[in-house]
Amino acid sequence: MIINFGSLNMDYVYRVPRFVKPGETLKSDGLSVNCGGKGLNQSVAMAKSGGTVEHVGLVGEADGDVLVEALAEAGVRTGMVRKSGARSGHAVIQVDDSGQNCIIVYPGANRRFTAEMVEEAISARGEGDAVAITNEVNCVGAVMRKAYERGLKIAFNPSPFDIEILNLPLETVSYLFVNETEACGITGGKYPWKETLLRLSAKFPKCLHVLTLGDMGAAACQDGKIFKKEAHVIDAVDTTAAGDAFLGYFLSYADRGRDLDDCLDMANMAAAMCVSRPGAAISIPGEAEVLSNAANAALRR
0 MIINFGSLNM DYVYRVPRFV KPGETLKSDG LSVNCGGKGL NQSVAMAKSG
50 GTVEHVGLVG EADGDVLVEA LAEAGVRTGM VRKSGARSGH AVIQVDDSGQ
100 NCIIVYPGAN RRFTAEMVEE AISARGEGDA VAITNEVNCV GAVMRKAYER
150 GLKIAFNPSP FDIEILNLPL ETVSYLFVNE TEACGITGGK YPWKETLLRL
200 SAKFPKCLHV LTLGDMGAAA CQDGKIFKKE AHVIDAVDTT AAGDAFLGYF
250 LSYADRGRDL DDCLDMANMA AAMCVSRPGA AISIPGEAEV LSNAANAALR
300 R
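Just so you know, we're using numbering that gives the first Met the number 0 here: the sequence shown kicks off at 0 and counts up by one.
Hint data in this document are derived by calculation from the structure and do not stem from the laboratory.
Even for Gly, the Cβ is constructed at its ideal location relative to N, Cα and C.
Don't take every hint at face value.
[Claimed, not checked] Computed beta-carbon distance windows for the label pairs:
1. G187 to S291: 38 to 44 angstroms
2. S291 to G150: 35 to 41 angstroms
3. E163 to A123: 26 to 32 angstroms
4. P204 to R276: 18 to 24 angstroms
5. R255 to G140: 24 to 30 angstroms
Using the sequences plus the hints, can you model the full thing?
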């Protein structure tokens, strides 16, 4: 089972011909309002991939019910999602004509976690369970320390990256999911992807490091051994939530004991299918669809 301490956001997605420049007013070609947040997206991906996941999170009194419903509809357990006096988190997302995005996140209730919530969520769990967390919520260090004490596996996605991440107990992490920017922040420099993975592995040798490489696919390093999978070629419509779909599928498969090749394959396919559709959580495919597409891709090779 995976316990996901994750953000829950309302996403305001604006379609634009290109990203707005400083001092510029730019007309949007469309607006959609969707459920999102890295935490929600990842929980949805874990559940849609066949995993068992419980979401721990906070939403606003006035605007949180739709976020809880989105989790429940995907099969996520929501007993640990609580109401807060703050507004739910939200994000303002620009998506340009190439499908790329840029995002401003307002944390809202996502930064209202308490030590009591952490204790309650983790105390009933033990060895064999996993905890997932990103930097979109507070109490990250407390979650890591408590989960480590209980013998839980810890999956960490240090997004959005800031320098304070280096002060967290990263040595407790079992799975570190990073893109190239986040990896650069942790290693202290920009290196070729293989060297990046080896540097991460040398820094935290007990951890499985997973590096997403955009249209180059993804790679992982464990015990100094590197695994690489190419990306599936697909026309990008909206890259929002692609990394979350990847993480959710990978961790769900790893939690169920699948080998590293399978985890990378399924995560890559889920991410590719995600970018072919608009939206965040709503663009994440189900497991049957991912398996079918993966089988067809294998036949074409």
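Verification of the hints:
no.	hint	result
1	G187 to S291: 38 to 44 angstroms	holds (42 angstroms)
2	S291 to G150: 35 to 41 angstroms	holds (37 angstroms)
3	E163 to A123: 26 to 32 angstroms	holds (29 angstroms)
4	P204 to R276: 18 to 24 angstroms	violated (38 angstroms)
5	R255 to G140: 24 to 30 angstroms	holds (28 angstroms)
Of the numbered hints given earlier, the model fails hint 4 alone.
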